[in-house]
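Starting from the structure of chain P, add chains D, F and V where the hints point.
4 protein chains.
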Amino acid sequence: MTETRDPRHLINRKLEHVEATVFGGVERLTSTMLDDITLVHQAFPGFSLEDVETMSYFLGKKISSPIMVTGMTGGTPELGRLNGIIASVVEEMGLVMGVGSERIVIENPSSEESFRVVRRNAPTSPLVANIGVPQLYRGYGLSELKTIISVIEADALAVHLNVAQEVFQPEGETDYREETLAKLRDLSKEIGIPVILKETGCGLSIETVRRFSSYGFHNFDVSGQGGTSWVAVEKLRGERRGNWKSRSASVFSTWGIPTAATIMETRWSDPTSFIIGSGGLRNGLDIAKAIALGADVGGFALPVLEASLEGKNSVRSFLNDVLFQLQAAMLMSGSKDVKSLRKASIVIRGGLKEWMESRGISLSTYDKVRKGGY
Amino acid sequence: MTETRDPRHLINRKLEHVEATVFGGVERLTSTMLDDITLVHQAFPGFSLEDVETMSYFLGKKISSPIMVTGMTGGTPELGRLNGIIASVVEEMGLVMGVGSERIVIENPSSEESFRVVRRNAPTSPLVANIGVPQLYRGYGLSELKTIISVIEADALAVHLNVAQEVFQPEGETDYREETLAKLRDLSKEIGIPVILKETGCGLSIETVRRFSSYGFHNFDVSGQGGTSWVAVEKLRGERRGNWKSRSASVFSTWGIPTAATIMETRWSDPTSFIIGSGGLRNGLDIAKAIALGADVGGFALPVLEASLEGKNSVRSFLNDVLFQLQAAMLMSGSKDVKSLRKASIVIRGGLKEWMESRGISLSTYDKVRKGGY
Amino acid sequence: MTETRDPRHLINRKLEHVEATVFGGVERLTSTMLDDITLVHQAFPGFSLEDVETMSYFLGKKISSPIMVTGMTGGTPELGRLNGIIASVVEEMGLVMGVGSERIVIENPSSEESFRVVRRNAPTSPLVANIGVPQLYRGYGLSELKTIISVIEADALAVHLNVAQEVFQPEGETDYREETLAKLRDLSKEIGIPVILKETGCGLSIETVRRFSSYGFHNFDVSGQGGTSWVAVEKLRGERRGNWKSRSASVFSTWGIPTAATIMETRWSDPTSFIIGSGGLRNGLDIAKAIALGADVGGFALPVLEASLEGKNSVRSFLNDVLFQLQAAMLMSGSKDVKSLRKASIVIRGGLKEWMESRGISLSTYDKVRKGGY
Amino acid sequence: MTETRDPRHLINRKLEHVEATVFGGVERLTSTMLDDITLVHQAFPGFSLEDVETMSYFLGKKISSPIMVTGMTGGTPELGRLNGIIASVVEEMGLVMGVGSERIVIENPSSEESFRVVRRNAPTSPLVANIGVPQLYRGYGLSELKTIISVIEADALAVHLNVAQEVFQPEGETDYREETLAKLRDLSKEIGIPVILKETGCGLSIETVRRFSSYGFHNFDVSGQGGTSWVAVEKLRGERRGNWKSRSASVFSTWGIPTAATIMETRWSDPTSFIIGSGGLRNGLDIAKAIALGADVGGFALPVLEASLEGKNSVRSFLNDVLFQLQAAMLMSGSKDVKSLRKASIVIRGGLKEWMESRGISLSTYDKVRKGGY
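Residue numbers (the UniProt record's numbering), protein chains in the order written: chain P, 1 to 374; chain D, 1 to 374; chain F, 1 to 374; chain V, 1 to 374.
It should be emphasised that the hints constitute simulated quantities derived from the structure, not laboratory data.
Where is the CB? At the ideal position from N, CA and C, for every residue including glycine.
Treat the hints with care, as some may be off.
Derived Cβ-Cβ restraints for the label pairs, each shown as a range [claimed, not checked]: (1) V:Ser340 - P:Ser317: 52 to 62 Å; (2) V:Gly350 - F:Thr272: 31 to 41 Å; (3) P:Ser317 - V:Gly141: 35 to 45 Å; (4) V:Gly350 - P:Ser143: 53 to 63 Å.
Residues from chain D shown here face chain F by an in silico Cβ test under 8 Å; the list is partial [unchecked claim]: (5) Val167; (6) Asp175; (7) Tyr176; (8) Glu178; (9) Glu199; (10) Thr208; (11) Lys245; (12) Trp255.
One chain only, chain P, in its complex shape:
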């Protein structure tokens, strides 16, 4: 079905998405539950701010800081320009970057340049390619994946899951059949780079992570609830077009697993997995909390995209602030390096505490798990 449609609809959809997420009030409609976590202040860290070491690893590759600009955009010259701006600063600062869905590259090869710019501007950074699960189901094979990967010389491939969004799209593709996982497992042995399973705003659950683990997948971008709501984006798009499903989208406006909860559910289910903590993170303190909760790196897309509209200086300024905030949080929680941050003392309260209790996760046992004592 997709193959026969004019690929321009994909470009339009992406532009509409950027517009909706940057300007449309689809942000932070729900809680990330990161406010239910407190990093415990340590009045005497035992070191200085300049001693803080943020160096970390992204799937085995050294990075300056555990900060990732997660995949969101690409496809048109304008979006390519934004990708290029972001990539330059990511390279400068030694961070990680993902790109938006590359399905358009297959359907409209002229869109390649909007992705190629990323590797050109970030020659040494870890970069993450991106394709959706429904495309795999609908026929994409090794050849398409190799194209997608090679366009940015990717270090990893994110396969995104966005069932909540697809459900409410007029043209939604809700194919999340079991056999796709087997296919992905087989393909993953041939593409030569790690696969990351990536949600898009509703989070990964214990049950889902266990399913993935049973297929040999152990790298996750949790993307929990509390950031951009793609259900709300589809509601807005649907209202403009008179799509009857948009009436139902508002019923599901709070659907999903809050970011803090999905990090915990994922770490709990697969204690040695590699976890990108994302979904509504907006500053370096959020990143520090995500890591202390169990993530390996913290990621966000929207605030960087917003900054990129104003140019490179704005991206640099934003990311430098984030880095400083991360360092400040590490200093004041007594965490000299990222490994220590994973073991920092935290307080968990309110809805997050209730969530975990209801899911049968004892906070004291979890504390051991997040600190590596599984």
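Relative to the frame of chain P, chains D, F and V by itself:
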């Protein structure tokens, strides 16, 4: 006493009720506590939206979806017209429908047509006849019940309990004496169809369900707090008429068991019973939550009644949305069929969690009960 | 010291109190925590409204309903008139009544008539005389108590404790020395009627009740926080007079034990005691909750005083509403009589649950205690 | 680095601080969590207000009341005038006083007089000298400490920790290296008076107190979150000067350990330590709560500084009110002396209860610890 009054007062009362519930702000004055439940998102359901199977059973009869339009209206030509509209769509979609109290049929046979239309327009759907407990106490016997049942060729008879409303009515009948249950038990052996005990907005408790079970009743329409408040309806009616009891009605505006809690209390007390989850449900996500909590089907009356005032298309559109929302909730909670939905992962928090703890219901034990492991 | 002052100051103080409590916004500044209790709805009580039996006992004397108008006023002809109005209705309805502090009777015998009217208008009702602990400390003996009792031919003597109010009065008497309890114990053997220890808006604690029990006192009027705040009354009075202590009164505006908590603390500490549940009760549902929580009767003063300003019909109407609300609550909680109400199913949540946990009172053990299974 | 800067910047900074804290809305931005504690009312204390004994000890020295004016100011003639006003009243009332950071005395000896006035006006009161940890790291030794101590003939030396403020200062010194503790331990053996480790608004944690204890430090001024936010002060200052770090300060506006929690964390970690409970305390009831929670004395700075701007009478009036409130709280909690107040019955709820649970501190075990049964 009732027998000697002009039966027109019943018709007027029904019209007044429709007016008050549709226009009078007597809705959702209190919480259903359904907001305290979260269905856990499953990013990779393992199937597609089109694979979702909503087929279910209503007291052993196959239905397309576990959705019931619960009993609310009938008695006058205008209300009969609404009944007819609703029945047509229920038949089209393969759902279940109940009618309003049929006491008026006995007292004023000319009102029959307003009920007969239901079976005429819904020849194959499961239909539920309806009579109040006080009528049984005040003399109704096999003959009256058979009339009530035959008018709609009912598949089941709902005996409604509305003590909270009766208490604040000027003409209220608060006869809920033990012997009525024995009488009902005996009658139920002769009417040939199952009996459903049905609350009307205050919910069933552990104690009440146990009492009913001891008399051999195992089918329940819980009708919890959080939808139409009949106490508030009586308050409005009483104020117009200068009824002194209406001053007290406001003191009881929050009286009752919230819908989420009464579903749990009922399933806990009678693990193998048939439960209609109702009271303030307004969309397909609410129905999915009710079923995941322990109900067999979900029901509502008011939103369908409101839609019926605008005609058949409006009812069809509303119920189609509800069905789509139910399917979406099933897909995203990883529930391929209704049986799986009953076992879906849920999170219980806030006031509902506290309610259950205070009632001595351990959430982990309840989790086994609702999944059928009693 | 008191003896040498012009007794008119007492009259003025009482008038000021009436003014402040009726008009001054010193009501319900804090929570009674009665909202944290829910009486569980019983859809099929097993009896009718007319079967509800509210007959009860007040210190062994039969009363029509467990409703007490607690002591608040007396001392001037105008306040005597209000006392007389209230007493007439109490007699009509078979309730219990207490009078305000009778210290003024000793200091100004002309004030007697304002109390005598109570017994004259309520010849058969249980009546409760009233004196403050500080008066006992400051010299009152058997003679004064006998005068106070005989003026209303009292059935019991309430000794009131109001340390929170006294602290912030310019002329406050904060004498709550241990020896007073011994003196009261000795006097109580000679006065021929039971003694009730009565708080005045701050509630009785586990520790205080245990102390009282150890002296042989087992009748309590708990008067918890959530009704009239006498600290707030003193703040207002102090501000008018430039009393420096009034600056501090606002710091203590939330001081005290909420009514629901003090009933539980008292019943817990002395399981077989006689308990008047009071403090911010305003209707018959509040009284039902107080009794279900562990009180023997429920009491209030302010709403009756307010009604008495409008005359006897207003008092009668108010108390009839309260009685109806109590009956409704008994019916719908499945409590045919007051003894059953004490065993009614309740749900305890929120701050009250936390209060009890923090005080080491297990809710499941308490449930046995309140039901008589100590 | 500090040594080469013009010391006038220190004076300016102090004036700016006074301005910001008194006028700038940097107060009580977050909760002290003291509202989550209730002292249980005792209706019959067993003694009178005049029997309440507030006499206490400050590091072994007798004081009239456990009230401390904690260190905040000094450095200029104007600030010296305020210091002098405060000191006179502290002496009159037999309290304890600390001074602001004396680093300026070393860098600008002409500022000495603004501190000397304190001892002159408070010849017999316990006085606490004050220096920051970064100064120790940056070279201060025995000589400087002796100067600082002798200027006010101090009874104790407070070494303040303010890492959260330093992080966001343009000129911030975040040197909190382990070796400084060893240096301080060695110096403390030679200065002849006790050392107090003092936070400045973010509180001490279990981990930090254990670290200090392991170096032999057992006197703490916890200064928790909920009073003056120095992070907010630096945000305001930074905005005026265009300091880029001020953008990040707002992200950390709720960073820190609430006062009630830090008192508990400190007492839990070092049961026999000497604890000054401070951070957002504003009246005598707060002081009573701090002591009941585990502090030895209660302290505050800002409200006294504010009063001092209006003169000695204002300070006296404020502190007399505080003393009266403390006495009232002691009377009504049944605490005849400070030792009894430490054992007073308390109720702990809400966020504080959750904080403690999350930190693995059982409330029932803590209750024994705070009462001395460790």
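Verification of the supplied hints:
no.	hint	in the structure
1	V:Ser340 - P:Ser317: 52 to 62 Å	58 Å, holds
2	V:Gly350 - F:Thr272: 31 to 41 Å	34 Å, holds
3	P:Ser317 - V:Gly141: 35 to 45 Å	41 Å, holds
4	V:Gly350 - P:Ser143: 53 to 63 Å	59 Å, holds
5	Val167	5 Å, holds
6	Asp175	5 Å, holds
7	Tyr176	5 Å, holds
8	Glu178	4 Å, holds
9	Glu199	5 Å, holds
10	Thr208	5 Å, holds
11	Lys245	7 Å, holds
12	Trp255	6 Å, holds
In the structure shown, no violation is registered for any of the earlier numbered hints.
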